[in-house]
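*Asks:* Chain by chain, the residues run as shown.
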Amino acid sequence: EAGVTQFPSHSVIEKGQTVTLRCDPISGHDNLYWYRRVMGKEIKFLLHFVKESKQDESGMPNNRFLAERTGGTYSTLKVQPAELEDSGVYFCASSRRRASQGTDTQYFGPGTRLTVL
Amino acid sequence: DAKTTQPNSMESNEEEPVHLPCNHSTISGTDYIHWYRQLPSQGPEYVIHGLTSNVNNRMASLAIAEDRKSSTLILHRATLRDAAVYYCILRGPKISSGSARQLTFGSGTQLTVLP
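Taken in order, these protein sequences are the chains called H and A.
Using my numbering, read the first sequence as starting at 1 and increasing by one per residue.
Using my numbering, read the second sequence as starting at 1 and increasing by one per residue.
Straight-line alpha carbon distances no greater than 25 Å define the calculated DSS-like cross-link-like pairs of lysine-lysine that follow:
id: 1; chain 1: H; residue 1: K78; chain 2: H; residue 2: K41
id: 2; chain 1: H; residue 1: K44; chain 2: A; residue 2: K3
id: 3; chain 1: H; residue 1: K44; chain 2: H; residue 2: K15
id: 4; chain 1: H; residue 1: K41; chain 2: A; residue 2: K3
id: 5; chain 1: H; residue 1: K54; chain 2: H; residue 2: K78
id: 6; chain 1: H; residue 1: K78; chain 2: H; residue 2: K44
DEER-style ranges, computed between Cβ atoms:
id: 7; chain 1: H; residue 1: G16; chain 2: A; residue 2: N57; range: 43 to 53 Å
id: 8; chain 1: H; residue 1: G40; chain 2: A; residue 2: N56; range: 27 to 37 Å
id: 9; chain 1: A; residue 1: M59; chain 2: H; residue 2: R113; range: 21 to 31 Å
id: 10; chain 1: H; residue 1: A2; chain 2: A; residue 2: R81; range: 13 to 23 Å
id: 11; chain 1: H; residue 1: R64; chain 2: A; residue 2: A65; range: 42 to 52 Å
Note that these hints are calculated values from the structure, not bench results.
Backbone N, C-alpha and C fix where the C-beta goes; we use that ideal spot for every residue, glycine too.
Here chain A stands alone, though its shape is the one from the complex (with noise of 0.2 Å):
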């Protein structure tokens, strides 16, 4: 799978609107885009997904560039059950026996939310 490159850390204020973004410049026409975050002390969640389209759903919102070499993961209004580890993931498709792919996380952006 193509690398991502994330920042290390970012803070936010309690109800202000948060964009994390990632770079995925070798990203390839099949790849998704895959966001996951890590509470402290929890396994991995997902938290959205997207291939070209920007998405919606009940956790945030994913905005994905035109040329897809680049995209930020939307949360509207940070909480600060919000602080957690956020990983992008470029998962490419299926592999020759029809399975799904591993997740291959990198570091992650660590999201501190400010009260």
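Bound-form chain H, shown alone (with noise of 0.2 Å):
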């Protein structure tokens, strides 16, 4: 079973331009979860998706981060236009929805580096 990809590894833009993250959860995983850590803090989560529906967007920094997950696959995460915080690593993470309460286990991709220069 493939695991978590998320494209790209590394990201290097300046202030104001856009960058568009990407993620391919497991197969057949309907949650799908943003985090980021932002340098010298703990992974902060950002939104969640139930297929393509937005669970929960209450992490979301501001109106400059634009998440998506069209047919319910693969997830997008748009940042427009970027500021030098938002410079971090981003996670993907994606489990299973039938799961126990409080069970089910998060998998998560390697993390796509950004820096806002």
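Two chains, two frames, a set of hints: combine them into the complex.
*Replies:* Okay, here's the thing in structure tokens:
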């Protein structure tokens, strides 16, 4: 079974530019999560999809961030326009839909390291 | 989700057991205890989880105190590859819509394994 993949692995852009991160979850996983770690901070939740629907986007920092999951397969996270404080590592994770309460395992991708200059 | 407290760092010698503690005094009766770890330059990785009883899998063991206010992740024989940040995370039941909750990461314990 292929794991969660993320593209690109690294991205370096200038302030004000747009960047789109992609996540391919494990096939058959309805839950898809985005997290990020900014410099020196803890890993923080951004949002959660169940299939193509946004279940919880309470962690999205502001309206410069837009996540989509068309067709309930892969997901994209667009940052437009990027700011310096957006630099960090963005992780994607997926898990099965039919999970017992509190027991579903999230499988993480390797992350995308975003550097905004 | 309730808060957890872990030591910032721990050291272990290779091939010796490691006991990583976690305090969660405000845990609720429905909270599961999960452990994830993050190896250098990788995404977090699931290790083990439990509710009340001790649990074993191929990676580790989880010992849960009788009052559930603390737990210990046990690596039976640490290897250099086990050097990572270990996170103890409490997860409550599904949210009202029936979907699983996100993971709430703390600062974790940085485990250093000495050769």
